[in-house]
Every structure is written in C-alpha cells, then in structure tokens.
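Just so you know, the sequences run in chain order P and H.
Just so we're aligned: 207 in our numbering is position 207 of the first sequence, and the numbers increase by one with no gaps anywhere.
Just so we're aligned: 226 in our numbering is position 226 of the second sequence, and the numbers increase by one with no gaps anywhere.
Simulated from the structure, these hints should not be mistaken for laboratory data.
Built from N, CA and C at the ideal position, the CB exists for glycine as well.
Check each hint, because a few of them may be wrong.
Sample of chain H residues at the chain P side, in silico, Cβ under 8 Å [as the list claims (entries may be wrong)]:
(1) Arg12
(2) Leu16
(3) Leu329
Derived list of chain P stretches under chain H, where covered just means 3 residues or more per stretch with a C-beta under 8 Å from a C-beta of chain H [unchecked claim]:
(4) 35-45
(5) 177-188
Here are the in silico distance ranges between beta carbons for each label pair [unchecked claim]:
(6) P:Gly137 <-> H:Leu386: 47 to 55 Å
(7) H:Ala19 <-> P:Thr132: 20 to 28 Å
(8) H:Asp3 <-> P:Pro89: 17 to 25 Å
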Amino acid sequence: MQDLRFRRPHGFGLHVPSLEIAAGEMVLLAGGSGAGKSTLLWLVAGLLRADGGTIEVAGQRIDAMRESDRDRVRARHIGLVFQTHQLLPDFTAEQNVALALMASGEPERTHLSRARDLLRALGVERTGAHVTDLSVGQQQRVAVARAIACRPVLVLADEPTASLDAESGAVAMDLIQRACREAGAALLCASHDAGMQGRFQRVVDVRTFVREEVAR
Amino acid sequence: MNDLAVVLASLRARRLSTAITAGSVAIAVALLLTMLSLRKSGFEAFQRGSGNTHLLVSADSSPLVAVLNGVFYANPPANPISWEKYNEIRASFPYEWAIPTQHGDSFRGFPVCATAPEFFSKFQPVRGEPWKLAEGRYPDKSFEICMGSAAAAGTGLRLGQQVRLTHGAGSDHGHEHTEYPYTVVGILEPTGSAHDRAVFTDLDSTWILHAHDRREHEGIEGMTTAADLTDADRKITGILLRLPTRPGSDASAAIQQQFDALRRDTAITVAQPAQQIDRLRGIVGNIDGIFIALGVAVLVSSGVSILLALYNSMAERRRQIAVLRAIGLSRGRVQGMIVTEACLIGLVGAITGVALSIVGGALAAAALKARIGLVVQPDIDPRATLIVLAGAVLLAGLASVLPAILAYRTPVADNLRPAA
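Please model the complete structure; the sequences and the hints are all you need to start from.
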C-alpha cells in the first residue's frame with residue numbers, strides 16, 4: 001500500500017506512507033487496543049474504503065475497485081481469521097469451510113470434499129459436526145481452514161490469540177503460520193501481544209501510522 | 001454448498017419462527033382458496049332443486065321467500081292456497097304440468113312435502129336428471145312415504161318401517177299425528193338438492209291429518225277418512241308450473257307473459273325460480289365478497305408476519321451477514337438470500353394452504369350437506385390456485401424488502417468486532 005489515508009469520524013486517522021508485504025512473508029501488525037490494527041486489516045481486505053492512496057493485493061488495485069469487485073478479490077485471494085473465530089453456528093465444520101469455497105467461485109461439487117481434506121489436514125476429524133459441538137481449539141482449526149480454503153495469497157488475522165491463554169495461543173499461531181506456509185500465503189497478523197514478535201519476519205507498529213488529522 | 005443451502009440452514013436454525021410464519025400463510029391461502037372453491041360450487045348447488053320448473057306459485061310474502069320455502073324448505077309457508085285456486089290456475093293456461101305441493105309437517109326435523117304423483121313422474125329435481133329410487137317405490141296410496149336420501153340417512157329409516165309425522169316444521173314444535181302411522185315405501189337416490197332432506201307423501205293423507213285435528217276440535221269422534229274432507233281442508237302451499245316447450249328445449253317464450261298474467265292475482269305470489277336464485281346469488285355474492293376480502297386481509301397480515309419474523313431476526317443475523325460478506329459474498333447475494341428465504345416461507349405456506357383448502361373444502365361441503373342439504377362439490381380451480389400461490393410468494397418477497405435492505409446496509413467491520 002502507498003500513501004494510504006483513512007479518516008475516522010472524530011478526526012484521528014491512519015496514514016500509511018508505504019507498506020509492502022512480499023509473497024509468503026509473515027508480518028506482525030503491533031500496537032495497543034484501539035490503535036487501528038483492525039482498521040488497517042479491513043482496509044486491506046476491502047471491507048473499508050480508504051480516503052486516499054493505493055492498496056494492491058495480488059497485483060490488483062482494490063482501492064480503485066467497485067465494492068462487488070473488492071468482494072470478488074477478497075473471496076479469491078484473501079483469507080480472514082478473527083479473534084472469536086466467527087464461525088456460523090447453524091452450519092457444520094465442513095459447511096463453514098465450504099462457504100468460503102462457495103464465495104470464491106470454486107465448482108460446487110468440490111466444496112465439501114476439499115473442505116473435509118483441509119479440516120483433516122488441520123486435525124479436525126469430526127468434519128460433519130456442528131461447530132458449536134466442537135472444542136474451542138477445534139473451532140480455531142475450522143476458522144483457519146476456512147481462511148486458507150480459497151488458496152489465498154494473503155491471510156489477514158485479527159487478534160487470533162486474544163481470547164486464548166498463552167499455551168493455546170501459541171498452538172493457534174503455530175497452526176495459522178503452518179497453514180499459511182503450506183498454502184504459500186503471506187500473513188498480516190494484528191496482535192497487541194508483544195510476545196508474538198519473535199514468530200514474525202517483520203513487525204510493523206501501527207502507532208507510527210496514527211495521525212491527528214488525515215488530509216484527503 | 002450453494003446459496004439455497006445457506007438459506008435452508010438459516011430456516012432450519014429458526015424452525016419455530018419459520019413454522020409459525022409459514023403456518024399463517026397456509027391459513028390465509030387455505031381460507032382464500034376454500035372461499036373461492038365453495039363460492040363457485042355453491043352457486044352451482046343453488047341452481048339445483050328448482051329443476052325443470054318454470055314458475056312457482058305460493059301465498060308467501062315475496063317471490064324470493066316463495067323460492068326459499070318452496071325449493072329449499074327454509075320455513076313452512078305461512079299462507080295456504082285453496083284447492084279451488086289451484087284448479088283455477090291450472091285451467092288458466094295449457095301448462096305442461098301443474099304440480100301441487102303442501103309443506104308444513106315434518107319428521108324428526110326433516111320437512112314433509114305432500115304432493116301429487118306427477119311430482120315423481122314429471123318434475124325433475126335437477127334439470128335433465130329425473131328422480132331415481134335407491135330402494136322401494138314411489139308412494140301411490142295414502143299414508144305412504146318416500147324418503148329423500150339425506151332424510152333416510154339422517155333418520156336411519158328402512159323400507160316397511162312405520163312412522164308418525166309432526167304437525168309443524170321443527171321437532172320441538174307442533175304435535176305428533178299419532179293416529180295415522182305412515183309406512184316407508186321408498187328411498188330416493190341423492191339429487192344434490194335440498195329435496196334430499198325432505199320426506200314425500202301424498203296430499204290426501206296430509207289433508208286427512210289436518211281434517212282430523214279440525215274434527216277433534218269440533219268434537220267429532222272417530223277416524224277421519226278422505227270422505228270426510230271438505231273443500232276447506234284441501235289446502236296446498238305451492239304449485240310448480242311448467243309451460244309447454246319445444247322438444248329438446250327447456251325455455252318457453254310464454255314464461256314472461258304467463259308470469260305477468262299470474263302476478264295480476266294479488267292472492268298469490270308467483271316466482272321464476274331461476275331469477276330468484278340469481279337474486280339470491282347476488283345477496284350471497286356480497287357476503288362471500290366480504291369473506292374473500294377477509295381472506296386477502298389475512299394473506300396480507302401473514303405477509304406482515306413474514307416481515308416481522310425476518311426483521312426481528314436481523315439483529316441476531318448481523319454477525320452472520322458480516323461473516324458472509326467478509327468471506328467474499330456480495331451485498332446483492334446476501335440480500336438475495338433474505339428474499340429467497342421469505343419466498344420459500346411463502347411458497348411452503350402456500351402449498352400447505354392448498355392442501356388445507358382441499359381438506360377444509362371437503363369438511364365445509366360435508367357440513368353444508370348435513371346442515372342445509374346443499375350439495376357442494378369443492379373444486380380447486382387450477383388457475384385461481386396458481387394466482388393465489390404466486391400472490392403468496394410475491395407478497396412474501398415484498399415483505400422481505402425491508403429486511404433485505406437492512407442486510408444490504410449491515411456494516412461488516414463493526415459486526416466482526418468481538419464486542420459487536
């Protein structure tokens with residue numbers, strides 16, 4: 001991203017002069033709560049619209065796209081992992097993963113089989129169980145499987161370990177990073193946990209992007 | 001996975017709300033279709049009964065009352081016609097036939113119609129469909145009765161059984177003519193008209209019963225016979241008239257002329273049954289228009305219940321919508337899922353409603369037959385059914401517009417936050 005500007009309603013905003021993440025690179029977005037880590041992730045994901053500057057994902061300028069095109073890029077090239085997993089409780093584990101494949105436009109006949117393969121590779125055996133019947137650890141795996149299902153070039157993880165204890169958090173991060181490595185995806189992970197810095201090739205502190213006034 | 005699977009999962013997750021909402025659509029559709037079905041066949045049923053009669057003469061207060069009493073046995077006619085008047089009318093024109101009838105007595109609540117043998121040989125209760133016997137024969141002597149099919153089923157009477165008739169129409173009114181037992185000699189096939197509820201006998205025996213009452217009041221003892229009848233005893237309550245027609249035709253050019261001629265006699269009321277039944281249809285038509293309007297109102301209110309069910313679920317679904325949007329589903333696609341969900345509720349409700357209307361129509365028809373002898377064949381009109389089905393789905397789709405707009409506007413980032 002280049003010269004990225006995003007203004008918040010109360011005047012504070014983000015200005016990212018330049019940030020580039022190479023293919024397969026793992027970058028930690030550090031900073032305290034409310035610093036703007038999630039906002040930056042949603043800008044990269046195309047869920048928020050920047051006020052200026054450029055964002056390019058997989059060679060495509062998503063800042064200049066219509067919303068429907070941004071949706072398509074997100075579905076095909078970006079995986080998302082959330083702090084609370086954000087799995088859909090009305091669906092089974094394999095259906096949750098298959099939803100991402102459905103969004104990415106993969107042929108329907110492959111959805112469930114690929115979802116099962118991904119889940120088993122990540123250690124989830126009860127692929128047909130409703131996610132609410134799975135343990136938190138298993139739910140985390142389902143969430144990771146969903147994020148990498150579309151073979152993304154970039155995985156955005158928003159505080160993926162914030163609701164876990166240190167040991168479980170380490171296991172979850174191992175899982176996410178392993179999955180990204182195997183999928184060949186870059187990882188941009190937002191976390192306020194300073195203990196995670198050693199896991200990443202690069203650490204970017206989002207506080208350096210915070211501005212009191214962000215001009216258009 | 002496809003969009004429909006997502007919609008079905010969403011419906012399954014809200015089973016109770018889905019079932020209640022679809023149920024309200026089903027009731028509305030069933031009510032509407034049953035009304036439409038009974039309306040059509042009810043009108044057809046009203047046409048049965050007057051059969052091949054051209055004119056009906058009585059001493060009732062109006063032509064409509066004459067038809068209600070004379071054809072549908074609504075009430076015993078209040079005023080009699082003398083036998084002399086009957087002979088005068090019969091002689092006034094070369095009628096094909098002029099059949100006298102006398103209503104007023106009853107048996108266990110079923111009306112008794114005393115009449116002449118021509119009632120069975122010439123009058124057809126439904127045009128083109130003469131009487132048929134299920135068992136036995138028509139009465140040809142005094143104190144014999146022939147039962148209409150519904151009256152036979154309702155009383156359980158069999159051939160050869162003896163009964164006593166009641167003076168008056170209701171089972172709680174009048175007195176029983178205990179001195180004169182009647183023998184059941186015939187049971188008629190169903191005609192689909194109000195005549196199925198009637199019990200038929202000859203005029204002489206009816207006159208004898210009433211003459212016997214008169215003689216008792218006068219202090220004359222002993223059984224009354226036909227020889228004791230005076231001209232005053234020979235009273236009837238109606239005359240069925242048919243004018244000569246060309247072979248193969250039911251109409252007669254002289255009907256209106258003869259109708260006008262008879263109307264000049266202020267002692268009688270003359271009715272063209274077909275015309276009066278059309279009038280009755282007009283009156284009933286207004287009432288059933290109200291029922292149809294109510295059915296439409298219930299359908300619209302079921303659309304509102306779909307709206308409310310979806311609208312109320314939107315708060316808990318914001319996160320789901322945000323997740324679907326985050327994994328790449330467009331706003332339009334998510335909006336389409338909400339509309340599909342509503343349309344499915346409408347469709348399932350409407351199909352259930354069609355099934356309910358078939359059952360409801362059959363039950364209503366059975367009740368109408370049992371209560372008033374009106375034979376109605378509930379007939380689901382495929383065109384009306386398709387229109388109501390499409391209307392229900394369209395209404396459901398319209399009801400989903402507001403929830404779909406809310407889904408469209410759901411802010412994704414805000415709803416993905418853990419605290420959201």
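Hint by hint, here is what the structure shows:
{"no.": "1", "hint": "Arg12", "verdict": "7 Å, holds"}
{"no.": "2", "hint": "Leu16", "verdict": "14 Å, violated"}
{"no.": "3", "hint": "Leu329", "verdict": "5 Å, holds"}
{"no.": "4", "hint": "35-45", "verdict": "holds (count 4)"}
{"no.": "5", "hint": "177-188", "verdict": "violated (count 0)"}
{"no.": "6", "hint": "P:Gly137 <-> H:Leu386: 47 to 55 Å", "verdict": "54 Å, holds"}
{"no.": "7", "hint": "H:Ala19 <-> P:Thr132: 20 to 28 Å", "verdict": "22 Å, holds"}
{"no.": "8", "hint": "H:Asp3 <-> P:Pro89: 17 to 25 Å", "verdict": "19 Å, holds"}
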